Amino acid sequence: MSWFDLTATDLVPLPVVLPLLAAGLALAFARRPRVQRVVSVVALAGVLAVGVALLVLTDDRTLVVDVGNWAAPVGIDLVADRLSALMVTVSSFVLLCVLLYSLAQGVSEEAEEETSSIPVSIYHPTYLVLAAGVCNAFLAGDLFNLYVGFEILLAASYVLLTLGGTGERIRAGSIYVVVALLSSIVFLIAIALTYAATGTVNLAQLSERLPDVEPGTRLAIQLLLLLAFGIKAAMFPVSAWLPDSYPTAPAPVTAVFAGLLTKVGVYAILRTQTLLFPTDPRIDQGLMWVALLTMLVGILGAVAQDDIKRLLSFTLVSHIGYMLFGIALATQPGTAAAIFYVVHHITVQTALFLVVGLVELRGGSTSLDRLGGLAKLAPGLAILFFVPAMNLAGIPPLSGFLGKVGLVEDGVRTGGFLAYTLVVGSVVTSLLTLYAIVKAWNKAFWQEAPQEIEADARVPRGMVVPTGALVAFGLALTVFAGPLYSYADRAAAALRDGSYVEAVFPGGHDRGVGESNESVPKAGAPTGPAEGVSTGEGTP
Amino acid sequence: MNVLDTTPAAVLVLAIGVLVTTGVYLLLERSLTRVLIGFILLGNGINLLLLVAGGRAGGAPILGTTPLWHMSDPLVQAMILTAIVITLGLTAFVLAMAYRSWQLHGHDEVQDDVEDRRIARLAAKNEPSFEDADAVESGETLDEEAAATRDETDDDIGGTGDRTGGEAR
Chain L
71 MSWFDLTATD LVPLPVVLPL LAAGLALAFA RRPRVQRVVS VVALAGVLAV
121 GVALLVLTDD RTLVVDVGNW AAPVGIDLVA DRLSALMVTV SSFVLLCVLL
171 YSLAQGVSEE AEEETSSIPV SIYHPTYLVL AAGVCNAFLA GDLFNLYVGF
221 EILLAASYVL LTLGGTGERI RAGSIYVVVA LLSSIVFLIA IALTYAATGT
271 VNLAQLSERL PDVEPGTRLA IQLLLLLAFG IKAAMFPVSA WLPDSYPTAP
321 APVTAVFAGL LTKVGVYAIL RTQTLLFPTD PRIDQGLMWV ALLTMLVGIL
371 GAVAQDDIKR LLSFTLVSHI GYMLFGIALA TQPGTAAAIF YVVHHITVQT
421 ALFLVVGLVE LRGGSTSLDR LGGLAKLAPG LAILFFVPAM NLAGIPPLSG
471 FLGKVGLVED GVRTGGFLAY TLVVGSVVTS LLTLYAIVKA WNKAFWQEAP
521 QEIEADARVP RGMVVPTGAL VAFGLALTVF AGPLYSYADR AAAALRDGSY
571 VEAVFPGGHD RGVGESNESV PKAGAPTGPA EGVSTGEGTP
Chain H
4 MNVLDTTPAA VLVLAIGVLV TTGVYLLLER SLTRVLIGFI LLGNGINLLL
54 LVAGGRAGGA PILGTTPLWH MSDPLVQAMI LTAIVITLGL TAFVLAMAYR
104 SWQLHGHDEV QDDVEDRRIA RLAAKNEPSF EDADAVESGE TLDEEAAATR
154 DETDDDIGGT GDRTGGEAR
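Taken in order, these protein sequences are the chains called L and H. First residue of the first sequence: 71, per the working numbering; consecutive thereafter. First residue of the second sequence: 4, per the working numbering; consecutive thereafter.
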């Protein structure tokens, strides 16, 4: 294959490959920070470009790549459908903004001051590995590959969270790492059970075989997957680790974790629930209760906080409830609203954490008892905080409001006691979010400063610009909510109409390969079981 | 189609049971090193579970050396290998973290949540968890307080032009 006959499908692996290669390069140039910076920025900009291209291309058809040219059920495939492409695009934009922000802040330098002996040139490679892991999770067409994606991003997140190895970060990191390890173990158990029950881990093939599995076994697999992803997404009974660990990390790290990591969990729940277990009302009802509790417990936690970072971490947990609500509704409009909400929330939550980083830099603290009077000292900062804060609380006409309206509308349409309870719960949560956010707003920006704040502290322009870009992107989501919402609607439709399976096994469902052991002879000939798969162009 | 015997060997099932129970027990400990050992045991238990999921053991899955119906499943072996590699990397990381914790604190115990400690401290002092600024008794009536508070519509405030402008209208 020459370089000139590249096809659209060749773009699919790039969001994973580019950051990984760049991570290697950045590690090789560990002693030359300037080269490292260029490499990281170029790689993530490349991923963003690929993401946008995928966004356009996948609107027509779902792209499938058989890694190593081994066709689907035998080999591993990467699948980019509308949902994946949307997630990759938004994530890479957020990753790029946060990277630029951290370049200006110089995470490395900050950490160097604290503990001089720690090599912090690892920040860039780790960050890129995190990006690769996130993209891999979004593109995985295979349960085990999803697991690997999770592990890549988690391993990178462990390093980023404990960057510099200060006492507080090690304390928070210990809890975070142990919880994450446990969730990975649960995921692995689910994979083992799935494989034992169906003889495959390919998502498309699973969606055809799981309906024939005995209902009890299927329920066990579903619950295990839900638990594993739920821990990562911070849904209520298993969310306590999040507000404790996130705020201790450096601001850009917290921002990118808050924006992306939980959403990867939400994405995995959405993908597995719609593709593997499309109809199971028992779980949906349970998920509704979980969504309600996540919203309420999360936001009540936020109300009680007096530190902006912790407050925002609790609102993060709380708003995961909205996405779970949309997923639990199990209707196309509900799913569409959930997808829209995920996109909105990634942007807004990251922007808020970045602004809080600026507030910390300007006011010297994130504690609401020590901050004050910032509205006069830094009016620009106040605007940067106010816009995403109102967006988070769901003030009309911003995108947060639109997402919530979509959810509430579909909740009312679905009807029934539980759905109405959820509708009430989401409105109450929205109001409490407003209360919590306004409290932070009043205290940090308007109250008389309890202690002197340096009048001439400067915030580097390089940090303000990426933050501003994210805030502006959040506003753009409002302005272009129409096209985005219809895209989310089409993505939601594609999740349920079987086009995913159709794309992985074109022209015939699940051909040939039966029990796992029988797939072995076909593995001898790469084109064996699935001739005519989109990219299969003969033996390599 | 030849019927495969997928009944797992009792020894493997027993081994999984022992590894998982001891693993979970150790995972509940406070010391990070014990948690790590628990994680390793648990991980190995799950690796065995994956092995069992692949069915009965057979010959090496290489074409030409083993007849097809006698091969063991290579896919689970690949998955287990991947899981082992991941576990190895994470083990190294957790060890480093435990060591760092020992360097800093002289022990490697996982400490309580900040919030838990704060609430415990407040409970010990028997204080409310937050202070409501409006509820602080100043000893004055509301009218006195209002009179004493700065009136923002007063002159001498250059900064709040819109306010004075509003009054002029």
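Think of the hints as simulated: they come from the structure by calculation, not from any bench. This structure is a prediction, so every number in the text was calculated from the model and none was measured. Some hints here could point you the wrong way.
As the list claims (entries may be wrong) - Derived coverage of chain L by chain H (criterion: at least 3 residues anywhere in the stretch with Cβ under 8 Å from a Cβ of chain H; other residues may be distant): (1) 155-161; (2) 349-363.
Said to hold, decoys possible - Here are the simulated distance ranges between beta carbons: (3) H/Gly92 to L/Ala98: 32 to 38 Å; (4) L/Ala519 to H/Lys128: 37 to 43 Å; (5) L/Val137 to H/Ala63: 46 to 52 Å; (6) L/Pro281 to H/Leu17: 47 to 53 Å; (7) L/Arg352 to H/Pro70: 40 to 46 Å.
What the hints assert, rightly or not - Some chain L residues near chain H, calculated using beta-carbon distances under 8 Å: (8) Thr79; (9) Leu81; (10) Leu84; (11) Val126; (12) Ser244; (13) Ile245; (14) Val249; (15) Ile259; (16) Ile453; (17) Phe456; (18) Met460; (19) Glu524; (20) Arg528; (21) Pro530; (22) Val534.
Using N, Cα and C, we set each Cβ at its ideal position, and we do this for glycine too.
Enumerate the violated hints, using their earlier numbering and listing them in ascending order.
1, 2, 3, 4, 5, 6, 8, 9, 10, 11, 14, 16, 17, 18, 19, 20, 21, 22
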